[in-house]
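Read top to bottom, the protein sequences are chains A and B. Going by this note's numbering, the first sequence opens with residue 1, and the numbers climb by one from there. Going by this note's numbering, the second sequence opens with residue 1, and the numbers climb by one from there.
Hints are not guaranteed to be accurate.
To be verified - Non-contacting residues of chain B with respect to chain A, defined by C-beta distances greater than 12 Å in every case (computed):
hint	residue
1	S178
2	E194
3	K360
Claimed, not checked - Covered stretches of chain A (in silico footprint by chain B; criterion: 3 or more residues with CB under 8 Å from a CB of chain B, positions within the stretch not fixed):
hint	region
4	110-123
5	155-164
Since the hints were made in silico from the structure, they are not lab data. All values derive from a computational prediction rather than experimental measurement. Even for Gly, the Cβ is constructed at its ideal location relative to N, Cα and C.
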Amino acid sequence: MLKNIYFIVCSCLLGLVCFSPTLLSAQESGETPFSMSTPKADAEASVVREIQTLSWLGGYGTFRISDKWYWHGELHYRRTQSDKALFLGEMAQIYNRHGIKYIPTKNFSATAGGVLRLDFNPNAEEGFNGLILEPRIWHEYIWTMPFNRFRIYHRIRLEHRWKKGFAKGDEYVFGNRWRYKFLMKIPLNKPKLEPGAFYFSPDVELIMQSGSKIKDNPLEDLRIFPTFAYIANPRTTYSAGVMYTTGQTTEAGFIYRERFIVRFNVYINLDFRKFKDKIPETSFYD
Amino acid sequence: MKFIQPYLHAIRLLLFCTCIFLSSSVKAQQITKNLRINDSIKGVSVFEYAVIEKDTIYNGSFKFNATKKTSNQKEITSYNYVGNFKDDKKTGEWVFSKKEAKLLDDLKEEEYSVTFNTTGQEFKIIGNFNAGLADGNWQVVNQFFENASPTDTLYHLKAKFENAILVNHLTADYKQVSIIGDFNEKGLLNGDWEITHHLDKQELLEVRTYENGIFKAHYFLIDNAKYPIEHKGLDTTFNENENWVDFEISEAYFEIFELSNIGFEVKTRNNKFQIDLNKATSETNQYVKNALLSFGYLNNYQVWSSLKGNQAIQYGKFKVRKFPFSKQEENQLKEITKQTTEAKKAIKRFFSNPNIEVGKVNYKELNQYEAILRQYQKALPKWNTVVDKMTQPAFEFIIRKEVVPNFDLSFDFDSEVRYSYQGQTIIRQHSFPEAPKNSELNINSIHQFIGQLHSDVLQIESETERILIDLTKQEALNEYEEELVNKKAELQALFNNEAKKDSYNTYHEAVSEELIAYSNQVFFDYINLPVDQKKNQVQSTLNCIEELINSYQGLANIPRKLERLDDVYTRTSFNPFVMVDMSERIKENIYVAFEKYLFPSLLSDLRNNISCDAYSENLQYLEKIYNRMVELSDQDTSIIEKELKRERDLEEIKRILLK
Chain A
1 MLKNIYFIVC
11 SCLLGLVCFS
21 PTLLSAQESG
31 ETPFSMSTPK
41 ADAEASVVRE
51 IQTLSWLGGY
61 GTFRISDKWY
71 WHGELHYRRT
81 QSDKALFLGE
91 MAQIYNRHGI
101 KYIPTKNFSA
111 TAGGVLRLDF
121 NPNAEEGFNG
131 LILEPRIWHE
141 YIWTMPFNRF
151 RIYHRIRLEH
161 RWKKGFAKGD
171 EYVFGNRWRY
181 KFLMKIPLNK
191 PKLEPGAFYF
201 SPDVELIMQS
211 GSKIKDNPLE
221 DLRIFPTFAY
231 IANPRTTYSA
241 GVMYTTGQTT
251 EAGFIYRERF
261 IVRFNVYINL
271 DFRKFKDKIP
281 ETSFYD
Chain B
1 MKFIQPYLHA
11 IRLLLFCTCI
21 FLSSSVKAQQ
31 ITKNLRINDS
41 IKGVSVFEYA
51 VIEKDTIYNG
61 SFKFNATKKT
71 SNQKEITSYN
81 YVGNFKDDKK
91 TGEWVFSKKE
101 AKLLDDLKEE
111 EYSVTFNTTG
121 QEFKIIGNFN
131 AGLADGNWQV
141 VNQFFENASP
151 TDTLYHLKAK
161 FENAILVNHL
171 TADYKQVSII
181 GDFNEKGLLN
191 GDWEITHHLD
201 KQELLEVRTY
211 ENGIFKAHYF
221 LIDNAKYPIE
231 HKGLDTTFNE
241 NENWVDFEIS
251 EAYFEIFELS
261 NIGFEVKTRN
271 NKFQIDLNKA
281 TSETNQYVKN
291 ALLSFGYLNN
301 YQVWSSLKGN
311 QAIQYGKFKV
321 RKFPFSKQEE
331 NQLKEITKQT
341 TEAKKAIKRF
351 FSNPNIEVGK
361 VNYKELNQYE
371 AILRQYQKAL
381 PKWNTVVDKM
391 TQPAFEFIIR
401 KEVVPNFDLS
411 FDFDSEVRYS
421 YQGQTIIRQH
431 SFPEAPKNSE
441 LNINSIHQFI
451 GQLHSDVLQI
461 ESETERILID
471 LTKQEALNEY
481 EEELVNKKAE
491 LQALFNNEAK
501 KDSYNTYHEA
511 VSEELIAYSN
521 QVFFDYINLP
531 VDQKKNQVQS
541 TLNCIEELIN
551 SYQGLANIPR
561 KLERLDDVYT
571 RTSFNPFVMV
581 DMSERIKENI
591 YVAFEKYLFP
601 SLLSDLRNNI
611 SCDAYSENLQ
621 YLEKIYNRMV
631 ELSDQDTSII
641 EKELKRERDL
651 EEIKRILLK
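So here's chain A without its partners, still in its complex pose (with noise of 0.2 Å):
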């Protein structure tokens, strides 16, 4: 058993850094990975921007309606970097994912929904805003794979956005998210994911992009993110995790953006359905 813990959260260590091109040529180069170094240029490729750091709190909440219908939402409180502070320097982004979640088995979900994202800019100059809204339609489509020991999840996230940027005037721009996540749940301590179950689960997810204003961009971002996670009971599950990103930035395709990210998340599962509908089935043949 600790072997096999052992052995995955190397290898997701080991993946990690491998996906971490910054990190390699810091190494390289004998910087530390959160300097605040200006964006180096690649004469021949892609220029990194200097890594960021956030946090984000996350709070999920799956409740259920029905038998197989179920109320999504998702509110995130992120932070970034500030001159001051790595991490929680200054506000970030208020992010609303609202959906309605269908299950017709247990191993398939869609969700389709709607998601108001605020974009802060605190230190908004003149002729920019403090703040912008991002709103999205969103529809998203998981399957899951069980296995003796863990779990597998492919995510289909699809996300129809209107973006536009802080400085005033600016014009919402239609675009589109193609994400596709891959991740894994493996218990620890436990044979299978039940309360009491710590579990880590290797995360990792590409978000593609399109639109009218993408060119040479099509990578929005590249997200790694190897989690810990407890379930406390079949209502509660806790995770924390540092997220590695990277991606293409807007201002061009050569140009990369790194952000590691603290996240901390609170997931909340609960049943709104009359009491007399939560009996689960019962087979009179067990």
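Put chain B on the given structure of chain A with help from the hints.
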């Protein structure tokens, strides 16, 4: 009258014609008809009758013959009546005869009829009736005949009736006795009745004197010397104020006569007689009874009342004084009969019970009881005689204080009871009831004495039954012990899991050693008991081992029950975040209290308190707790859960859970 004169001739003619018409209308007719009398004798009757107002009236001659062949066709029985009726009533001479005869081979044909001569016996009554009542001279003859001719007379009776009452003189000649006696005008025996006993070497004259039916004296006259027979308790002096009743000749009268007959008076006892006078007296009674009843009875066949018309005969009467019983005496006599019957049955049961012989080998008391009951058995004839005398109807017609002291209750019980047991002669004392002295004998004292006899006999029977039950138990003991050994082996095989059963679990394993040790202890405790106690203990020991065997299943069920509790105290719900069903414990305080504290404690009790009583009780308690847990799983238990929070005290947990 003058005005009738011209019509006188015509009137005379009219009267004559009327008479002729009337006489022709009741003219007797003769008919031959099958007739069944007394429901069993079927024959042919030829009789004359008249029909008056649609009724058949016997009028004129009457003949009846029923002849029946026996199965071998060589013997016949015939009944014959010949006589006359007048207006349906017997009148004139009547002859009844019954013949039992063998057919002889001589045949005779006459007028197309073949007749046989016969040899046999005939009973014949020749009597006279007047208006349906016996009236006139009567004779009864019982005789043998050979080849159709009378040869020897068994008896010959002569008497006279007036208005159906025997009057005047009766003579009866039997081969053994001759009887001569008189009746008064009411048909009561009167005067000296002389009965001459024809013995081989001498004739003995017995005289019974009556005065208007009342017995006066009874003696034998030998060589002109009287030898009186004492009849104690028979009142011979009539008094108007006393309760005297007329007795038709019947068995009951002679019972009174015999009951009062205690034989010769002491002063007249001698050894002069060759016969038993008591027996002779008793025979006389039968001859007198037979002589009187023969005018109307042939054994039990009522000769005259079987035909049309009533019996209309009285057969002589006696007058006897009655001494009615008091209510208490009636009850005591009933009880005497009942107790005697019960005692007799008890004695009979004892001596006919084959188990007594078997039991005598091992139970010396049975030998003692046998010796005691032998004495009672020996006393039974005397005991019976006394009870028979006291319970017959005749007992109410004698002066009991004169008769009862003569009853013989001298049973001569020997209080030293001797018997053999396993080759040794043993003497034991037994206090038999002491018979009252003869002078103290009366219904009350005899009732008490018989009550004591009855009680002693039944007490012995009761003790005997106890011993026989003991004996049965002893026999059953062998079977029980065999079963016990088998059960113990079964128990040990179960808890050692010799059969490698799937149902064997850790709970069996946990108690196995102690349980087997305990069953061995129970078994050896039983084995070491004395035999007497074994009989009482074997069933309970067997039950105990069976109880322990039965506990196997109880223990086998524990895992299933724990799983059930785990199940009912678990709620499974779908977690849409991880997309798996997740189970969680509900009512955790209750479940934890049970799982962590109560159940281990119950198991510990089970293991540490293995005994026939406690083991079963502990299993039952476990079952009770389990049922309560199941019950609570489906109830609102918020208060109980609150109370159980952090509760560690076992008794408190039990109290909270079971309240």
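Hints, one by one, checked against the model:
no. : hint    : verdict
1   : S178    : holds, 108 Å
2   : E194    : holds, 110 Å
3   : K360    : holds, 68 Å
4   : 110-123 : violated (count 0)
5   : 155-164 : violated (count 0)
In this structure, the earlier hints numbered 4, 5 are contradicted, and the remaining ones agree with it.
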